[in-house]
Amino acid sequence: DVKVTQSSRYLVKRTGEKVFLECVQDMDHENMFWYRQDPGLGLRLIYFSYDVKMKEKGDIPEGYSVSREKKERFSLILESASTNQTSMYLCASSRSGQGAKRYNEQFFGPGTRLTVL
Amino acid sequence: GEDVEQSLFLSVREGDSSVINCTYTDSSSTYLYWYKQEPGAGLQLLTYIFSNMDMKQDQRLTVLLNKKDKHLSLRIADTQTGDSAIYFCAERGPNDYKLSFGAGTTVTVRA
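In the order they appear, the protein sequences are chains A and B. Everything in the first sequence is counted per our numbering, starting at 1 for the first residue and increasing by one. Everything in the second sequence is counted per our numbering, starting at 1 for the first residue and increasing by one.
The following block holds chain A by itself, in its conformation from the complex (with noise of 0.2 Å):
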């Protein structure tokens, strides 16, 4: 069964503070996702990477960073936490390859309620 965990599913965390959230796949994906889930907005993408240590910003990249050292494992990082980033986060990963010809579905996590105070 495909999987993709997330580090933390709450987490709580004071104004100023290094926030690191992990995601780790187990399909051999080369597409790795962040998304915030905000309520009335939907899924609004972070940054993604397509292959390992490559990254591009998605829709919303300020105040956030990524890693990806391993093609298992995406991490997001909030280099000083404000109380508007205060949301879920959600990891997906994808198949790539073949472009249009797939459908490429996104696989989730089951994402981190983060409370920055």
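Heads up, a few of these hints could be off.
In silico PhoX-like links for lysine-lysine, alpha-carbon gap of 20 Å or less [stated by the list, open to error]: (1) A:Lys57 to A:Lys71; (2) A:Lys55 to A:Lys71; (3) B:Lys36 to A:Lys3; (4) B:Lys98 to A:Lys57; (5) B:Lys70 to B:Lys98; (6) B:Lys98 to A:Lys55; (7) A:Lys3 to A:Lys70; (8) B:Lys56 to B:Lys36; (9) B:Lys70 to B:Lys56; (10) A:Lys53 to B:Lys98; (11) A:Lys70 to A:Lys55; (12) A:Lys71 to B:Lys98; (13) B:Lys68 to B:Lys56; (14) B:Lys67 to B:Lys56; (15) A:Lys71 to A:Lys3.
In short, the hints are calculated from the structure, not lab data. Note that this is a predicted model, so its numbers are computed, not measured.
Keeping the supplied structure of chain A fixed, place chain B upon it in accordance with the hints.
Showing chain B alone in chain A's frame:
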């Protein structure tokens, strides 16, 4: 970026059909998806449709695509309490990996 819009709430009686609607703006979309998110869980792919199709049926689920109007719908027949969830519409452009999601429709099934 691409815009995907859907209504935020839908209430339906158990046993009735549910119809969730979605509109998108990117005419170069290749695939369109419906994801389901149950409480406390991540998203799970329900179904998808390729942009050169206008209908896809999978058991209780029917997806209709009107490419001219950029309108996508998901019909759930015989809606059950287990169908209560948030349903996200998403579209993928010609590049290989990026999806754009709508805000999600919260479906509540009442007895």
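Going down the list of hints, with the structure as the test:
1. Of the supplied pair hints, the one linking Lys57 (chain A) and Lys71 (chain A) holds, its CA atoms being roughly 18 Å apart against a limit of 20 Å.
2. Only pairs whose Cα atoms come within 20 Å are accepted, and Lys55 (chain A) paired with Lys71 (chain A) is accepted, the gap being roughly 12 Å.
3. Distance restraint check for Lys36 (chain B) and Lys3 (chain A): the Cα-Cα separation of roughly 17 Å lies within the 20 Å cut-off, and the hinted pair is therefore satisfied.
4. The straight-line distance between the Cα atoms of Lys98 (chain B) and Lys57 (chain A) is roughly 11 Å, inside the 20 Å bound, and the hint therefore holds.
5. A hinted pair counts as satisfied when its Cα atoms are at most 20 Å apart, and Lys70 (chain B) with Lys98 (chain B) qualifies at roughly 19 Å.
6. Proximity of Lys98 (chain B) to Lys55 (chain A) is assessed by CA-CA distance (about 13 Å); at most 20 Å being required, the pair is judged to hold.
7. Taken as a hint, the Lys3 (chain A) and Lys70 (chain A) pair is honoured in the structure, with Cα atoms around 16 Å apart against an allowance of 20 Å.
8. At most 20 Å may separate the alpha-carbon atoms for a hinted pair to count; Lys56 (chain B) and Lys36 (chain B) meet this at roughly 17 Å.
9. Of the supplied pair hints, the one linking Lys70 (chain B) and Lys56 (chain B) holds, its CA atoms being roughly 16 Å apart against a limit of 20 Å.
10. At most 20 Å may separate the alpha-carbon atoms for a hinted pair to count; Lys53 (chain A) and Lys98 (chain B) meet this at roughly 18 Å.
11. Between Lys70 (chain A) and Lys55 (chain A) the alpha-carbon distance is near 13 Å, which keeps this suggested pair within the 20 Å criterion.
12. Distance hint between Lys71 (chain A) and Lys98 (chain B) is fulfilled; the C-alpha atoms sit about 18 Å from each other, no more than 20 Å.
13. Between Lys68 (chain B) and Lys56 (chain B) the CA atoms are separated by roughly 17 Å; this keeps the pair inside 20 Å, and the hint holds.
14. Using a Cα cut-off of 20 Å, the hinted pair Lys67 (chain B) and Lys56 (chain B) holds, with the two alpha carbons roughly 14 Å apart.
15. The suggested pairing of Lys71 (chain A) with Lys3 (chain A) holds, with an alpha-carbon distance near 14 Å, which does not exceed 20 Å.
Every hint from the earlier list agrees with this structure, and none is contradicted.
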